[in-house]
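S.K.: Residue numbers (this note's numbering), protein chains in the order written: chain A, 1 to 219; chain B, 1 to 219; chain C, 1 to 219.
Among the clues, some could well be false.
What the hints assert, rightly or not - Just some of the chain B residues that point at chain C, by a computed CB distance under 7 angstroms:
#1 Leu-59
#2 Ile-60
#3 Trp-72
#4 Leu-74
#5 Pro-150
#6 Lys-155
#7 Leu-161
#8 Leu-209
#9 Thr-211
The hints are simulated quantities; they were obtained by calculation from the structure and are not laboratory data. Glycine included, C-beta positions come from ideal geometry on N, C-alpha and C.
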Amino acid sequence: MEEPTGWLAVVREVFMTIGILAFAFSGALLAVQKRMDVVGMAGLAVVTATGGGMMRDLLIGATPVAALVDWWMLLVALGGAALVLLLHRWLSRLDRPVLVFDAIGLGIFAVEGARKAIEHDVPPVGAAFVGMLTGIGGGVLRDALANDIPAVFRKESRLYLVPALLGASAASAAVWLGWGNWVVLAIIAGLVSAMRIASELLRWRVPSLKTEAIDIVRD
Amino acid sequence: MEEPTGWLAVVREVFMTIGILAFAFSGALLAVQKRMDVVGMAGLAVVTATGGGMMRDLLIGATPVAALVDWWMLLVALGGAALVLLLHRWLSRLDRPVLVFDAIGLGIFAVEGARKAIEHDVPPVGAAFVGMLTGIGGGVLRDALANDIPAVFRKESRLYLVPALLGASAASAAVWLGWGNWVVLAIIAGLVSAMRIASELLRWRVPSLKTEAIDIVRD
Amino acid sequence: MEEPTGWLAVVREVFMTIGILAFAFSGALLAVQKRMDVVGMAGLAVVTATGGGMMRDLLIGATPVAALVDWWMLLVALGGAALVLLLHRWLSRLDRPVLVFDAIGLGIFAVEGARKAIEHDVPPVGAAFVGMLTGIGGGVLRDALANDIPAVFRKESRLYLVPALLGASAASAAVWLGWGNWVVLAIIAGLVSAMRIASELLRWRVPSLKTEAIDIVRD
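Given the sequences, and given the hints that come with them, work out the whole structure.
M.R.: So this is what it looks like as C-alpha cells:
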C-alpha cells in the first residue's frame with residue numbers, strides 16, 4: 001500500500017482541495033458570525049481545514065505534520081477565507097454545493113486518515129478512531145476556538161461523526177485485510193459523503209438523553 | 001524499570017480500567033447536562049478518559065499514542081458512556097463510589113504518567129508536570145469542549161490538580177532516584193487518591209485573589 | 001546554523017525569560033478576571049507562557065518538547081504567576097512595561113520558532129506558520145481555556161498575529177537562504193516587537209466583515 005502516483009494522485013488532491021475549501025468556508029463563515037476580524041477569518045479557516053489532519057499526524061507520530069510539508073494546503077485554506085471575503089453576498093445561494101463539498105471532504109479525510117494510521121502501525125480499531133478524527137477534528141477545533149460546543153456533539157445536529165466513523169472503520173478494515181486498493185477506498189469515501197448528504201436532506205439524527213434524566217451535578 | 005508483567009500488569013490494568021470508567025462517566029454526564037446527543041456523550045467520554053494520556057504521549061514523543069495501540073481503552077471509555085445511558089436513573093445514588101473511582105484514576109494516571117516520562121528521558125521536573133497533566137488533562141479537555149472553564153481552575157473547586165502534582169512529583173523523584181518499584185509507586189498513587197477524596201469530604205480548597213484586586217483589563 | 005553558545009545564548013535566554021514572564025502575567029491576570037483560584041492562575045500562566053513552544057515542538061516532531069527538557073521555563077512561568085499574586089496592586093501602573101515585555105516575547109518566539117522549524121526540515125512556508133504559532137499559540141490556548149474567543153481573532157484587537165507572521169516569514173526566508181545569523185534574526189525579532197507596540201500606540205487594526213453581510217447559518 002503506497003502513496004498513489006500519476007493521475008490517481010492528481011484526482012486525490014483535487015478532491016482534497018475541494019474538501020479543504022469547504023472546511024475553510026465553514027471556518028471563515030463562523031468567524032464572521034462570531035464578530036472576528038479578517039485575521040480571525042483566516043485563522044479559523046486554516047484551523048478548520050487542516051486541524052483534523054494535524055491531529056491525525058500528531059497522534060500517529062507522522063511529524064513534521066503533513067500540512068507543514070505539503071504547505072499548499074495552508075494556502076488553499078487561506079484562499080478559502082479570501083473567497084468568503086469576496087463572495088459572501090452569494091454564499092447563501094451556494095448552501096447546497098457547499099454541503100456537498102463539505103461531505104466530499106469528510107469522506108476523503110476519514111478514509112485517508114484511517115489508511116495513513118494503518119501504515120503507521122496503528123491497529124485497526126485505533127486507525128478507525130484516527131480516521132474519524134481526521135474528518136471531524138478540524139470542525140471540533142473550529143467550534144472550540146469560536147467558543148461553541150462542537151456542532152457534531154449538539155442535540156440538533158445531523159449525522160456527521162457517525163458516517164466518518166463508519167467510513168473510517170470500513171477503510172481501516174479494508175487496508176488491514178489487504179483489500180485497500182484505491183477503488184475500494186474511493187467507494188467507501190463516496191458512501192461517507194452520500195450518507196452525510198442524506199442525513200442532512202432526510203433530517204437524520206441520533207437520540208439524546210433528556211437533561212432532566214440525570215439529577216446529579218458533577219464538577 | 002520495565003513495564004510490569006504477570007499479575008502486576010493485571011492489577012495495574014484493573015485500576016486503570018476503574019479510572020477510565022470514572023473519567024468516562026464524568027464526560028458522558030457533562031455531555032447530558034450540556035444538551036449533547038449520544039454522539040456527544042460517547043465523544044466526551046472518550047476525550048475525558050483518554051485525553052490526559054494522549055497529551056502525555058504527545059509531549060514526550062511516545063507515538064503512536066497508547067490509546068491507539070492499547071485500544072481496549074477506547075472501548076472501555078465507550079462502555080462507560082453506554083453505562084451512563086443505561087443506568088442514569090441510579091447514578092445519582094452512586095455519587096460516592098464514582099468519586100472514589102475518579103480518585104483512583106487520578107492517582108494511577110499521575111504516577112504512571114510521571115514514570116513513563118522519566119523513561120522517555122524527560123528530567124524529573126518535566127516528568128512531574130507530565131504526570132500531573134496525565135491526571136488532569138482529560139478533564140481539562142472535557143471542560144474546554146463543553147464550553148466551561150476547567151473545573152480544576154475554578155474558585156469553588158476542591159483539590160484536584162494539587163494531589164496530582166504532588167503525587168507526580170513524588171513518583172518522578174522516586175523513579176529518577178532508582179526507588180521506583182511497584183510497591184512505592186502504588187503507595188504514592190494511593191496517597192493521591194486519599195488526598196483527593198479527603199479534599200472533597202473535608203472541603204479543602206486553595207485560595208483565590210478577589211477579582212476586584214486587579215484593576216486593569218488586558219487582552 | 002547551530003544553537004547559539006556563550007554570551008549569545010545568555011542574551012537569548014534573558015530575552016526569552018522576559019517573554020515568558022510577560023506571557024505568564026497575561027495568563028495569571030486573565031485567570032483572576034475569570035474568577036479562578038491560584039491553581040488556575042498558575043495553570044493559565046504556564047499554558048500561556050509555554051503553549052506556543054509546545055505546539056511548535058509537537059507539529060515539527062521535536063519531542064520531548066523543549067519546556068519539559070529546559071524546565072526552567074516552567075519555573076519562570078510559575079514565578080510570573082507568583083509575581084501577579086504578590087504585586088497585583090501595582091500591576092496596573094506597569095501596563096506599558098508589560099506591553100513592551102509581551103512584544104519582546106512575541107518577537108523572539110516567532111523568530112526562534114521559524115528557525116527551529118527550518119532546522120527540522122520544514123519548508124519555508126510551513127516554518128513561517130510554525131513561527132507565527134509559536135508566538136501566538138500560548139495566548140490562543142489561554143483564551144480557549146478561559147472560555148473566550150482568542151484575543152488575536154477579535155474585531156477590537158490590535159495587530160498581534162500579523163507582526164508575528166511577518167517576522168516568522170522573514171526569519172524563515174533568512175534561515176532558508178543561509179542568511180540566518182544571529183544579527184539578522186535579532187533585527188527581525190526587534191522589528192516584530194516594534195510593530196506590535198506601534199500597533200497598540202497608534203491603534204492599528206485589521207478590517208472585518210459586518211456580521212449582517214452573511215445571511216446563512218452553518219453548523
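S.K.: Against this structure, judge whether each hint is valid.
M.R.: Here is what the structure says about each hint:
Checking Leu-59(B) against chain C: minimum C-beta separation of about 5 angstroms stays under 7 angstroms; hint holds. Because the closest C-beta pair between Ile-60(B) and chain C is about 5 angstroms apart, less than 7 angstroms, the hint holds. Evaluation of the Trp-72(B) hint against chain C yields a violated restraint, the C-beta minimum of about 25 angstroms exceeding 7 angstroms. Checking Leu-74(B) against chain C by beta carbon gives a least distance of about 21 angstroms; that is not within 7 angstroms, so the hint is violated.
Because the closest C-beta pair between Pro-150(B) and chain C is about 6 angstroms apart, less than 7 angstroms, the hint holds. Taking 7 angstroms as the C-beta contact cut-off toward chain C, the hint placing Lys-155(B) at the interface holds, the least distance being around 5 angstroms. Checking Leu-161(B) against chain C: minimum C-beta separation of about 5 angstroms stays under 7 angstroms; hint holds. The criterion of a C-beta within 7 angstroms of any C-beta in chain C is met by Leu-209(B), whose closest approach is roughly 5 angstroms, and the hint holds.
A hinted interface residue such as Thr-211(B) counts as satisfied when its beta carbon comes closer than 7 angstroms to some beta carbon of chain C; here the least separation is about 6 angstroms, so the hint holds.
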